[in-house]
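Undergrad: Listed here are the chains, written in short residue letters.
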Amino acid sequence: EPEVTQTPSHQVTQMGQEVILRCVPISNHLYFYWYRQILGQKVEFLVSFYNNEISEKSEIFDDQFSVERPDGSNFTLKIRSTKLEDSAMYFCASGTDSGLEQPQHFGDGTRLSIL
Amino acid sequence: AQKVTQAQTEISVVEKEDVTLDCVYETRDTTYYLFWYKQPPSGELVFLIRRNSFDEQNEISGRYSWNFQKSTSSFNFTITASQVVDSAVYFCALIPYSSASKIIFGSGTRLSIRP
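These protein sequence lines are chains R and F, in that order.
Under the numbering used here, the first residue of the first sequence carries the number 1, and numbering increases by one thereafter.
Under the numbering used here, the first residue of the second sequence carries the number 1, and numbering increases by one thereafter.
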């Protein structure tokens with residue numbers, strides 16, 4: 001069964017550094033998402049992306065964050081200047097529609113640790 | 001408000017017992033979708049079920065069953081004859097139609113099944 005792939009599985013970065021988290025969504029999917037889960041807490045929506053633009057974003061997704069689909073297969077989340085509180089598990093998800101008719105498929109996550 | 005409440009933060013039962021995880025949701029939309037996800041210790045999010053607001057039929061899948069009651073805004077999840085492999089954090093989630101694309105997660109219930 002096709003799956004969403006995220007790399008790396010664990011990223012350790014110094015505070016203030018830029019980090020890029022990578023995701024390869026399922027190939028025929030058109031909607032892409034990033035979610036964040038701080039350790040021990042619930043999963044929180046960050047951003048959704050469709051037709052090469054952001055369709056919705058949360059208040060967490062401030063100017064330090066950006067998303068990009070640089071080619072036909074990758075979907076990336078960039079954090080420009082990381083802070084300690086950015087330490088979390090980041091999940092990428094993709095779907096064939098906006099999530100109403102078909103469920104979003106999640107990757108296994110990237111654990112981001114900021115030192 | 002649009003939110004999901006999982007009042008049980010942790011549940012521990014002995015193997016073979018039945019266990020019910022509670023979920024109460026709040027939304028102003030008449031059309032919405034409800035989900036359950038499982039997060040095993042390895043950290044990935046595993047989709048279990050999706051239910052739309054017009055389908056109040058209960059569902060059974062093997063040892064899992066779901067009870068959707070619109071009158072009480074609840075979508076409870078029961079595991080029958082629990083097994084150690086059921087140990088995980090379980091998240092109930094909501095997509096309101098007006099906010100399609102953004103999954104709103106509950107805070108999760110950590111289920112421990114003791115041998």
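Bear in mind the hints are in silico, worked out from the structure with no lab data behind them.
Note that beta-carbon positions come from the ideal geometry of N, C-alpha and C, so glycine has one too.
Among the hints, erroneous ones may be present.
Stated by the list, open to error - Think about it this way: if two alpha-carbon atoms lie no more than 35 Å apart in a straight line, the pair counts; the simulated DSBU-like pairs of lysine-lysine are:
| no. | chain 1 | residue 1 | chain 2 | residue 2 |
| --- | --- | --- | --- | --- |
| 1 | R | K83 | F | K70 |
| 2 | R | K57 | F | K16 |
| 3 | R | K78 | F | K16 |
| 4 | F | K16 | R | K83 |
| 5 | F | K3 | R | K57 |
| 6 | F | K16 | F | K70 |
Stated by the list, open to error - Sample of chain F residues lacking proximity to chain R, with all beta carbon distances greater than 12 Å (derived):
| no. | residue |
| --- | --- |
| 7 | V19 |
| 8 | R50 |
| 9 | Y64 |
| 10 | S65 |
| 11 | N67 |
| 12 | A81 |
| 13 | S99 |
| 14 | S101 |
| 15 | K102 |
| 16 | R110 |
| 17 | P115 |
Undergrad: Determine for every hint whether it applies to the structure shown.
TA: Hints, one by one, checked against the model:
Pair hint K83 of chain R plus K70 of chain F does not hold up; C-alpha atoms about 42 Å apart against a cutoff of 35 Å. The hinted pair formed by K57 of chain R and K16 of chain F fails the criterion: a straight-line CA distance of about 43 Å is larger than 35 Å. As the CA atoms of K78 of chain R and K16 of chain F are separated by approximately 45 Å, the hinted pair breaks the 35 Å bound. Among the hinted pairs, K16 of chain F with K83 of chain R is inconsistent with the structure: their alpha-carbon atoms are about 45 Å apart, more than 35 Å.
Restraint check for K3 of chain F and K57 of chain R: the C-alpha separation of about 17 Å stays at or below 35 Å, so the hint holds. For the suggested pair K16 of chain F and K70 of chain F, the alpha carbons sit about 30 Å apart, so the restraint of at most 35 Å is met. At roughly 20 Å, the least C-beta separation between V19 of chain F and chain R is larger than 12 Å, which holds for a residue marked as non-interface. Non-interface call for R50 of chain F relative to chain R: violated, since the shortest CB-CB distance, roughly 5 Å, does not exceed 12 Å.
Annotated as non-interface, Y64 of chain F keeps its C-beta farther than 12 Å from every C-beta of chain R; the closest such distance is 16 Å. Its beta-carbon lying about 19 Å from the closest one in chain R, S65 of chain F satisfies the requirement of being farther than 12 Å from that chain. For N67 of chain F, the shortest C-beta to C-beta distance to chain R comes to about 20 Å, beyond the 12 Å cut-off, and the non-interface label holds. Residue placement check: A81 of chain F keeps its beta carbon more than 12 Å from all beta carbons of chain R (closest about 26 Å).
For S99 of chain F, the requirement that its beta carbon stay farther than 12 Å from each beta carbon of chain R is not met, with the minimum near 7 Å. Remark: the non-interface label on S101 of chain F conflicts with the geometry, its nearest Cβ contact in chain R lying 4 Å away (cut-off 12 Å). Consistency note on K102 of chain F: stated as away from chain R, yet its beta-carbon is not over 12 Å from all of that chain's, at 5 Å minimum. The Cβ of R110 of chain F sits about 9 Å from the closest Cβ of chain R, inside the 12 Å cut-off, so the non-interface label is violated.
With a closest Cβ-Cβ approach of about 25 Å to chain R, P115 of chain F is found to remain outside the 12 Å limit, as its non-interface label requires.
In this structure, the earlier hints numbered 1, 2, 3, 4, 8, 13, 14, 15, 16 are contradicted, and the remaining ones agree with it.
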